[in-house]
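Starting from the structure of chain A, add chain B where the hints point.
Listed here are the chains, written in short residue letters.
Protein chains: 2
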Amino acid sequence: MLEKVDLQKKLEKEEYRKRMDELAPRLGRLQRECQKWKIPVMIAFEGYGAAGKGVQIAELIQALDPRGFQVYPVKNETEEEKMHPFLWRFWTKMPAKGRIAIYDSSWYRKVLVDRFDGKTSDKETEQAYRSICSFEEQLTADGMVLIKIFLAIDKKEQKKRLEKLLDSKETAWRVSKGDLERNQHFKRYQDMNEEMLLRTDTAYAPWHIVEATDRKFATAKIYSIVVQMLESKIAELAEAARRAAQADMTVKEMDDQVPSASVEDQLLKESVLTKADLSLSCTKEEYKEKLKKLQDKLQKLHGELYRHRIPVVLGFEGWDAGGKGGAIKRLTQKMDPRGYVVHPTASPNDIEKAHHYLWRFWTDMPKAGHVTIFDRTWYGRVMVERIEGFCSKKEWQRAYKEINDMERDLAEAGAVVLKFWMQIDKDEQARRFKERQENPEKQWKITEEDWRNREKWDQYEEAVNEMLIRTSSPYAPWIVVEGNCKYYARIKVLETVVDAIEKRLEEKKQEEKGQKKA
Amino acid sequence: MLEKVDLQKKLEKEEYRKRMDELAPRLGRLQRECQKWKIPVMIAFEGYGAAGKGVQIAELIQALDPRGFQVYPVKNETEEEKMHPFLWRFWTKMPAKGRIAIYDSSWYRKVLVDRFDGKTSDKETEQAYRSICSFEEQLTADGMVLIKIFLAIDKKEQKKRLEKLLDSKETAWRVSKGDLERNQHFKRYQDMNEEMLLRTDTAYAPWHIVEATDRKFATAKIYSIVVQMLESKIAELAEAARRAAQADMTVKEMDDQVPSASVEDQLLKESVLTKADLSLSCTKEEYKEKLKKLQDKLQKLHGELYRHRIPVVLGFEGWDAGGKGGAIKRLTQKMDPRGYVVHPTASPNDIEKAHHYLWRFWTDMPKAGHVTIFDRTWYGRVMVERIEGFCSKKEWQRAYKEINDMERDLAEAGAVVLKFWMQIDKDEQARRFKERQENPEKQWKITEEDWRNREKWDQYEEAVNEMLIRTSSPYAPWIVVEGNCKYYARIKVLETVVDAIEKRLEEKKQEEKGQKKA
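As you go down the protein sequences, you meet chains A and B in turn. Numbering follows the working numbering, in which position 277 of the first sequence is assigned residue number 699; successive positions increment by one, without gaps. Numbering follows the working numbering, in which position 422 of the second sequence is assigned residue number 844; successive positions increment by one, without gaps.
Hints are not guaranteed to be accurate.
All copies of an identical chain are treated as equivalent in the list; a pair is satisfied when it fits inside any one copy or across any two copies.
[Claimed, not checked] With a Cα cut of at most 20 angstroms, we get these calculated EDC-like pairs of lysine to aspartate or glutamate:
1. K426 to D827
2. K431 to E883
3. K816 to E658
4. K638 to E481
5. K674 to D772
6. K674 to E658
7. K609 to E929
8. K816 to E661
9. K458 to D921
10. K431 to D699
11. K816 to E558
12. K435 to D687
13. K691 to E653
14. K706 to E850
15. K816 to E559
16. K816 to D564
17. K638 to E444
18. K816 to D677
19. K545 to D613
20. K545 to E834
21. K925 to E425
22. K674 to E661
What the hints contain is simulated information worked out from the structure, not anything from laboratory work. Please read these numbers as outputs of a predicted model, since none were measured by experiment.
Next up, chain A with everything else stripped away, as it sits in the complex (with noise of 0.2 angstroms):
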């Protein structure tokens, strides 16, 4: 895509103010627009080194309204980010419904400037083009604004404008070794880009390459893109709206009328929950000897997770009474904590709702070396929401493949993904119901709401074998615990997360024992 761009261009004086005496001030009402319709906006600047970037940016938010974005360069990896997957940085700087966040070099740093430095292997750049993919595309799907710009300039100009700051001293410190490398090596670098530019130019992300040799130029076609961008977007969402209220339905409403294409057949159905036998069980004492075991085998685990730097994500799900708090109890009850933290996970609050469904798990992933568990997940996608409505039939069945691609990128950055489904049968709930109501300690953990969910039994059924069956994977297994005695139930838990680490940690071993040959 490079190849073709003519770098000479340039705008007057004289044109570029008429340009922008009408794109600034249209700018500026376009972002208040999508503080209306909700629009998170992110902006991502590529582009060689020197091509202006910084510039650029600082000219953009001159229409900006500045409790309206934030701009976050992106440097190389804190050590906290190297912790975890490449991915997460960005999400956890993912602005919110309404807000625009730009982005001074981005996600691709993957696979340019890192990829030029050796950082990033022929497998994690392909690992890398996945992620970024998925991401994109489930990021647009659920309604951002992407805009990608990448800002070009030829090798001549890239060393003239290096050797000019080099000649500076107030400015020398700009230009990195690096910076001269992927000069020299124009060609090598240059091919990078044009890998990338193809392979992510889409139709719902695609590439705004900006001939950045006259600043002029390139900030009124910066200008000129992000106002298309944003009014192509608001044009699109008045248009459902009309379209819907047409129909006399709400957006969401017409989404949902996706037709089904699932086997309607209950007999032909997936049946993972009837599979489990409830009748697993195991005496008090029995119990009270293999925790102890496995407590004490955990603890020592834990700190070899943390020097070995494998983080730890398990995630529990099940019916209302399950067991999966006395579970986690059992789990952490002689772990340290300062390393493991456990997320109880509710209704999203309102910043939650103003972002993507993922972005509150992605923000408290677990660092290498730390053991994070999830009490309810974003398996709520799939169930709850799926069933109560609150997101659209599009919306949840394309969670399954955002979910198994979120684990995966988990699992490449070396984690242990574990998901538990606390099983027990309609009777035992009611049992266990009935005795929470009759135990005035227990009685906080009962509501009405419980008792709603469990005339939806078969619905969630239906549900969670789905979910069972599409998001169970080699590196991010569901485990179906028979939860009917507790004390069984705790210990499989148990054996399950003390086995999964220690094939973990053999694993790590020996990779490390690798690296330190090689």
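Below, chain B without anything else, positioned relative to chain A:
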């Protein structure tokens, strides 16, 4: 996904009959509905050996009108198929609108059996996943119903079936060495299947896992899946038609309402064509001398191409009277006619219209060692179809990526891919049109349509600019040929082709050397 599946599921005979008595006629009706709505359908059967793909396909087609479907067994690639990108054989076996194609194992073979057998390297596996995702996305976006069925049995059941087949002379031949090996290393093969299911289970082309231990259960479930998928597509089209009627528009007009996101300001836009220096020329003497040399060289290279099995794809686009025909004539003048073919691309005929717009080009792609020249190409999608409204805005906007992906498939299969834009200015065109009209020998070359197109020069220029930038790649570059002087243009085309072939030959020889060593 597989490990959660309950392979013990079965249907009693009576239950089975009850279901089939309802499903079979329903499927028959749906096939007719699909013809009416012009829906093309692909049904891919994957799954373990001896899981019953053949039996189940035989059951499925019972309900279908044989004039409306075709079954393709997918075996080892033939010699012919090996000489094309791996998806080529599926492009050429694609159903027309309203027809059903059934594949007994499919394009997934590349990442399953072939991968297991070591025929697909790690790098090729990644490439194949990219190609497959692009393939499925663009087909479904174009209206294809893609039904992917995975038949699952376990290792023990498979072994039992294989042994039973081996027991009888009549059936022993059906068990291959590979079947036995995959049974022996079931886990390793299962991991590949699992990865495949997870990486390609999308909202637009989901996987359906069918428990295949009990034949009757599997048959009923497959019928049910196919019925549901077709019904949901028909409901979607009916709904789109209803909404369009409500808005007093056609469905295409609705699709055209994608808001525009391109820069509106002419000055800020791409101007690849204006950069072409049309004063470039060469004298008749220079021309004759160079032409002879280049043609002789190309003749020699053509033989080398054949021996080294390199496919060559040359596309020609340009203004009417831009000199495409003349350039192609000089290019092929001394080439061995058994080794090249020229495809003039006219408006699509009825059969072509009943397929994806890339279908006719895929089927015409050269096999390894051959040269195919397209006089006008697949770029019609983003030029004439865009401007004349023959496709919707949504369609041509996503075409850039689709085309880049197709050309990448070709390049990854080892092809030289070059695209020439024959550039002349408007005055030169007028001169040539007039000349054609006045010369009785050339009158056939000029039609009313040429004059009409000329009136749309500016619209075309805009489309061509966008096309050149967004689809010029290192693996398939656009070459803008300064064409006011025909001599100059023809020499430039020949030189470019010769250079590119020499370069590719050099690479190929290096590869072959490397392979010999290894």
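Results for each hint:
Proximity of K426 to D827 under the C-alpha cut-off of 20 angstroms is restricted to the inter-copy arrangement: shortest distance 19 angstroms between copies versus 35 angstroms within a copy. Taking the shortest Cα distances, K431 and E883 sit within 20 angstroms of each other only across copies (17 angstroms), while inside one copy they are farther apart (62 angstroms). Taking identical chains as interchangeable, the C-alpha atoms of K816 and E658 lie at most 20 angstroms apart whether they share a chain (17 angstroms) or sit on different chains (13 angstroms). In this assembly of identical chains, K638 and E481 lie within 20 angstroms of each other by CA distance solely inside one copy; the values are 10 angstroms within and 68 angstroms between copies.
For the identical chains of this complex, K674 and D772 are intra-copy neighbours only, at 19 angstroms inside a copy versus 39 angstroms across copies, given an alpha-carbon limit of 20 angstroms. In this assembly of identical chains, K674 and E658 lie within 20 angstroms of each other by CA distance both inside one copy and across copies; the values are 14 angstroms within and 16 angstroms between. Proximity of K609 and E929 under a CA criterion of 20 angstroms is satisfied inter-copy only: 19 angstroms between copies versus 39 angstroms inside one chain copy. Taking identical chains as interchangeable, the C-alpha atoms of K816 and E661 lie at most 20 angstroms apart whether they share a chain (18 angstroms) or sit on different chains (15 angstroms).
Taking the closest pair of Cα atoms, K458 and D921 never come within 20 angstroms of each other, the shortest separation being 51 angstroms inside a single copy and 56 angstroms across copies. Only between protomers do K431 and D699 lie at most 20 angstroms apart by alpha-carbon distance; the minimum there is 16 angstroms, versus 72 angstroms within a single protomer. Taking CA atoms no more than 20 angstroms apart as the test, K816 paired with E558 passes in both settings, with 17 angstroms inside one copy and 18 angstroms between copies. In this homomeric assembly, K435 and D687 come within 20 angstroms of each other (Cα to Cα) only across copies, at 16 angstroms, whereas the closest approach inside a single copy is 70 angstroms.
In the homo-oligomer, the alpha carbons of K691 and E653 lie at most 20 angstroms apart only across protomers (18 angstroms), although the nearest pairing inside one protomer, at 45 angstroms, exceeds that limit. In this assembly of identical chains, K706 and E850 lie within 20 angstroms of each other by CA distance solely inside one copy; the values are 19 angstroms within and 95 angstroms between copies. In the homo-oligomer, the alpha carbons of K816 and E559 lie at most 20 angstroms apart both inside one protomer (14 angstroms) and across protomers (16 angstroms), since each shortest distance falls under that limit. In this homomeric assembly, K816 and D564 come within 20 angstroms of each other (Cα to Cα) both inside a single copy, at 10 angstroms, and across copies, at 18 angstroms.
In this assembly of identical chains, K638 and E444 lie within 20 angstroms of each other by CA distance solely inside one copy; the values are 15 angstroms within and 70 angstroms between copies. When the C-alpha separation of K816 and D677 is checked against a cutoff of 20 angstroms, the pair qualifies both within a copy, at 6 angstroms, and between copies, at 18 angstroms. Within a single copy, K545 and D613 get their C-alpha atoms as close as 18 angstroms, and across copies as close as 19 angstroms, so both meet the 20 angstroms cut-off. When the C-alpha separation of K545 and E834 is checked against a cutoff of 20 angstroms, the pair qualifies both within a copy, at 11 angstroms, and between copies, at 17 angstroms.
With identical chains, the CA atoms of K925 and E425 are at most 20 angstroms apart between copies only, with a shortest distance of 19 angstroms across copies and 49 angstroms within one. Taking CA atoms no more than 20 angstroms apart as the test, K674 paired with E661 passes in both settings, with 14 angstroms inside one copy and 16 angstroms between copies.
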